[in-house]
Amino acid sequence: MIPPSFDYAAPTTVDEAVSTLRDAGEDAKVIAGGQSLIPLLRMRFAAPSTLVDLGGIDELRHVTEDGDTLVIGSMVTHATVLRDPLVNEHLPLLAKATATVADRQVRHRGTFAGSLAHADPAGDLPAVALVLGAEMEIAGPGGRRTVPAAEFFVDYLQSALAADEVLVAVRVPKQGAWVGAYEKFNRVAQGWALVGVAAMVKRDNGTVSEARVALTNMASTPVRATATEAALAGAGNREAIGAAAARAAEGTRPGDDVSASADYRRHLATVLTKRAVASLV
Amino acid sequence: MTITEEPALEVGSARRRKEDARLITGRTTWTENVSLPGMLHLAILRSPMAHARITSIDVEPARAVKGVVDVFSGRDVADVQGALPCAWPVTADMVHPDRPPIAVDEVRFMGEAVAVVAARSRAAALDAIAAIEVDYESLPIVLDMEEAIADGADLVHADKGTNKGYTWVFDSAEAGTGGDAGAAIDGAEVVIRRRYVQQRLIPAFMEPRSVVVDPTGDVYSIWSATQIPHILRFLISVVTGTPEHKVRVIAPDVGGGFGGKLQVTPEELITFIAARRLGKPVKFTESRSESLLSAHHGRDMIQDLELAARRDGTVLGLRVKLLANMGAYMGLVGPGVPILGAFMYNAIYKFPAYRFECVGVFTNTTITDAYRGAGRPEATYAIERLMDELADELGLDPLEVRRRNWINADEFPFTTVCGLQYDSGDYAKATDRALELFGYAELRQEQQARRDTGDSVQLGIGISTYTEMCGLAPSRVLGSLRYGAGGWETASIRVLPTGRVEVVTGTSPHGQGHETAWSQIVADQLGVAFDDVEVLHGDTRTSYKGLDTYGSRSLAVGGVALYNACQKVIEKAKPIAAHMLECDPADLEFTGGQFRVRGNPDGGRTLADCSLAVFAAHDLPDGIEPTLDADAVYDPVNFSFPHGTHLCATEVDTETGRVTIRKYVAVDDVGRVINPLIVEGQVHGGVAQGIAQALFEEAIYDADGNLMTGTFVDYTLPTAADLPSIVTDRTESPAPDHPLGTKGVGEAGTIASTPAVVNAIVDALRPMGVHDIAMPCTPERVWRAVQGGAA
Chain G
1 MIPPSFDYAA PTTVDEAVST LRDAGEDAKV IAGGQSLIPL LRMRFAAPST LVDLGGIDEL
61 RHVTEDGDTL VIGSMVTHAT VLRDPLVNEH LPLLAKATAT VADRQVRHRG TFAGSLAHAD
121 PAGDLPAVAL VLGAEMEIAG PGGRRTVPAA EFFVDYLQSA LAADEVLVAV RVPKQGAWVG
181 AYEKFNRVAQ GWALVGVAAM VKRDNGTVSE ARVALTNMAS TPVRATATEA ALAGAGNREA
241 IGAAAARAAE GTRPGDDVSA SADYRRHLAT VLTKRAVASL V
Chain W
1 MTITEEPALE VGSARRRKED ARLITGRTTW TENVSLPGML HLAILRSPMA HARITSIDVE
61 PARAVKGVVD VFSGRDVADV QGALPCAWPV TADMVHPDRP PIAVDEVRFM GEAVAVVAAR
121 SRAAALDAIA AIEVDYESLP IVLDMEEAIA DGADLVHADK GTNKGYTWVF DSAEAGTGGD
181 AGAAIDGAEV VIRRRYVQQR LIPAFMEPRS VVVDPTGDVY SIWSATQIPH ILRFLISVVT
241 GTPEHKVRVI APDVGGGFGG KLQVTPEELI TFIAARRLGK PVKFTESRSE SLLSAHHGRD
301 MIQDLELAAR RDGTVLGLRV KLLANMGAYM GLVGPGVPIL GAFMYNAIYK FPAYRFECVG
361 VFTNTTITDA YRGAGRPEAT YAIERLMDEL ADELGLDPLE VRRRNWINAD EFPFTTVCGL
421 QYDSGDYAKA TDRALELFGY AELRQEQQAR RDTGDSVQLG IGISTYTEMC GLAPSRVLGS
481 LRYGAGGWET ASIRVLPTGR VEVVTGTSPH GQGHETAWSQ IVADQLGVAF DDVEVLHGDT
541 RTSYKGLDTY GSRSLAVGGV ALYNACQKVI EKAKPIAAHM LECDPADLEF TGGQFRVRGN
601 PDGGRTLADC SLAVFAAHDL PDGIEPTLDA DAVYDPVNFS FPHGTHLCAT EVDTETGRVT
661 IRKYVAVDDV GRVINPLIVE GQVHGGVAQG IAQALFEEAI YDADGNLMTG TFVDYTLPTA
721 ADLPSIVTDR TESPAPDHPL GTKGVGEAGT IASTPAVVNA IVDALRPMGV HDIAMPCTPE
781 RVWRAVQGGA A
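Chain order of the listed sequences is G and W. Using my numbering, the letters of the first sequence map in sequence onto residues 1 to 281. Using my numbering, the letters of the second sequence map in sequence onto residues 1 to 791.
Pulled out of the complex, with its shape left as it was, chain G reads as follows (with noise of 0.2 Å):
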């Protein structure tokens, strides 16, 4: 299909555009890769008035660190994450799971942050960002501010970003000791997950001496398994994670639709953390 006429804004600074979305009122969006935004406006579900382009700021194109921090900007797209040697050096996970988005095409269009501001609990990337620990840059008609990854998703498409805010950058911190795995289980290939495991543990001696674990697609928002992560501390064999991997979907709201039913999604849960965990051990 064809989308409603909206009007476009290419601004080239972070500034210009936030005045820009300021001016242009509520039903403002912005695009940044347009891959979850486009195929909304094509079917006609979606009827934004204007649409500010972020592709033309450059300073939002880069990965840069900042001490312990990788700064992404919010138009790095994921194939830049794939192949970007600081993200593959300090943040492995991120890139592991980035190469299980959609196809090579969305791949080189979508951006991690523009990923994360969509807010689809079905998304890889915000379990991911709930693991590491990520933070969100954002810039307003105040100025700035900064939000963790566990308050950012608030629910189902909706995420802490005000109408006249625009998400500058993604803040994570190196994994250091951290090892990190995402399974995720879709029914082909370029799917949405039905389920995917984010995990990330300290080890110690073999056993697992700290561990965080977020689900995608279980919830309205991306959930952090909490009764796991608590139960993994101490775990050293494949028991030991079956137990606590069990009791993933506790406090997860998994929808039941014709992709899979709510029962099926909470056993992949589980099935999906023990082998995200065991491959970490």
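Treat each hint with caution, since some may be false.
As the list claims (entries may be wrong) - The calculated lysine-lysine pairs, modelled on DSS-like cross-linking and capped at a C-alpha distance of 30 Å, are: (1) W:Lys663 to G:Lys96; (2) W:Lys545 to W:Lys572; (3) W:Lys280 to W:Lys66; (4) G:Lys29 to W:Lys66; (5) W:Lys18 to W:Lys568.
Claimed, not checked - Sample of chain G residues facing chain W (criterion: CB under 7 Å; computed from the structure): (6) Met1; (7) Arg187; (8) Ala189; (9) Val258; (10) Ala260; (11) Tyr264; (12) Val271.
Hints are computed from structural coordinates only; laboratory data are not their basis. The structure displayed is predicted, hence computed values, not measured ones. Even for Gly, the Cβ is constructed at its ideal location relative to N, Cα and C.
Please build the complex by placing chain W on the supplied structure of chain G, with the hints as guidance.
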């Protein structure tokens, strides 16, 4: 002594396809690329309801949208829009409700056209349909086939008094082709009773449907992304009352069909009506969502099966009770799809008794119609699953059960329990070759080892020994089955003055590679270079006669017409060459593109020598017509019966239910092969679509009749990343009825592969008590089977 080297034969060589450069780059004419001066664009408002009365419709607000030229509803064109044709009324009393292109008073499935906007741009047309105001009064919905045929069911067509479209029966005892299936079942030592459901599928061709109608010339010119330009021309003429010679249909390059473009569509008629009404060229191109929703679907049958056998594995008879979902109306050939399958339930086996009963059922869903294999995949699935179930019941190897029942190579031609005469084949040879490529014994060993260790990933092996009837078809047989058209095909050859050759074919390729294969045939027969042949198709002005492309018929029928036309050209050229060589035509032979006096390799005359002589016509023998052009029409004497053995090994992750195809071997016998590369491509694509039915695809309606799988997010069409490497090989049993020896290959892979995959999954899980899994075998369904089976 002169040594003349015979040029290498084109037939049998794996030529890269000459049409691919333009098809792959898109630098060609797709219907959507057609742009004419003053052309308007259509958008169609579709019903959001599965069954409702249209109580009011107000198109006026849409007229106010900028760029809109015309808006009309079904009511506005009720007297002139005609009705969509059905070419296959399978019984004399078949219920055939009128289907107007645009609904007038009532909508009967979600997606049915309700109103139309013509505008100066597609965007304006789409904006305007949102402004049309329609009030609906909902009516009871019928979705389930068994509920639909129960007494007192709500009706899709109230005036017809029933949801049963037809009942069609074949009984071998009544037909005199075999025994009484009921008696065989009643007296049998073993009876396998199963219900299999052929889920609804969506053909999902790559190029969405598109049509352009230009009424401004002396004739109506219609471009359409169709498989059937000739049938479309005839039926547009009949339905709209336009004289046939005033209708020209062009199927330019067409991006796939799989049967999904074997249809006369509402959209084609709507575009015609709009163009006629407005006197301007008009284009309609559907979106992918519209395509999934409203282009015809396929399969959707419920099969109740009873297979009778002796304890030694000898099959004694089969009874099939079939419910076939027609959707809300009868499609062009939809009613006949199950009937094409009726003759294939006995497959490669020689059991003596068979009964088949099919009820075509109306429901409030999109119509179903031909989809790759059309009836034959469903039949093959049923019998190949049953043979595995029989083997399990008897504790025999599934291959052994097949061997005990199949037709042996020395028994061809073989008359089946349906009365068909299978032409040629060697099932043992194809099976032996498949086993060799597969490593059957090793995989069975690994399967046992995984069972012994209780591996969470279990291995299964699936077998499908299939045949099918294609090369549609002998016209008399089609007539006896009440099909509206014949089954012949035509070819014309024009030898140009310089000896280059133009071929006009009545087939209508939409991805098959006819230009390449046809060129190879002509190159060998006429001794011209492959690149010196141009194949013209798909425009009824150049190719005025033909029956188009479906049912794996183009090469098996159209190829023979082409071969025969080549022989006519040679016969025409012979007296001319003899005149030039000053000899008796009877003394000439034609080899390697040269007419030579028999026994004298020197001083021959080529076809180009003859064509130039004909062009000048200065010195021809008396009474010779100055042309080498020739036409041929071939009506096949029989169907073609390709066969083969497909073997599939699946790994089943019992923790998640994920099925991974570990190895897939396809050994097909499609008779003589013109181009092995094209054949391999057909097998790969066919197998992919068969695997898709087994594992991935299903069109799902919710209780309100909404299509829940209306985008590729939910309709999980597999891509290359989801499919295994396929090992292919061939055996070759030439078709005995015609000199080319070719059989059809377009549908074989689809027909063969679905049961191979599901048999493999069930085989992996049999120790857990699993005997069946509904298709598609999604991870969740497999996981649930493991849970249920193990409990």
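Against the structure, the hints:
With a CA separation close to 27 Å, the supplied pair W:Lys663 and G:Lys96 stays within the 30 Å bound. Our distance criterion of 30 Å between C-alpha atoms is met by W:Lys545 and W:Lys572, whose separation comes to about 22 Å. Between W:Lys280 and W:Lys66 the CA atoms are separated by roughly 18 Å; this keeps the pair inside 30 Å, and the hint holds. For the hint pairing G:Lys29 with W:Lys66, the CA-to-CA distance comes to about 25 Å; that is within 30 Å, so the pair holds.
Proposed proximity of W:Lys18 and W:Lys568 is supported: the alpha carbons are some 26 Å apart, at most 30 Å. The closest approach between the C-beta of G:Met1 and any C-beta of chain W is roughly 5 Å, which is under the 7 Å cut-off, so the hint is satisfied. A cut of 7 Å between beta carbons decides the hint on G:Arg187: the least distance to chain W is about 5 Å, and the hint holds. Given the 7 Å rule on beta carbons, the hint for G:Ala189 holds: about 4 Å separates it from the nearest Cβ of chain W.
A distance limit of 7 Å between C-beta atoms decides the matter here; for G:Val258 the minimum to chain W is near 5 Å, and the interface restraint holds. At a threshold of 7 Å, the smallest CB-CB gap from G:Ala260 to chain W is about 5 Å, leaving the interface hint in force. Hint on G:Tyr264 holds. Least Cβ distance to chain W is approximately 4 Å, under the 7 Å limit. A hinted interface residue such as G:Val271 counts as satisfied when its beta carbon comes closer than 7 Å to some beta carbon of chain W; here the least separation is about 5 Å, so the hint holds.
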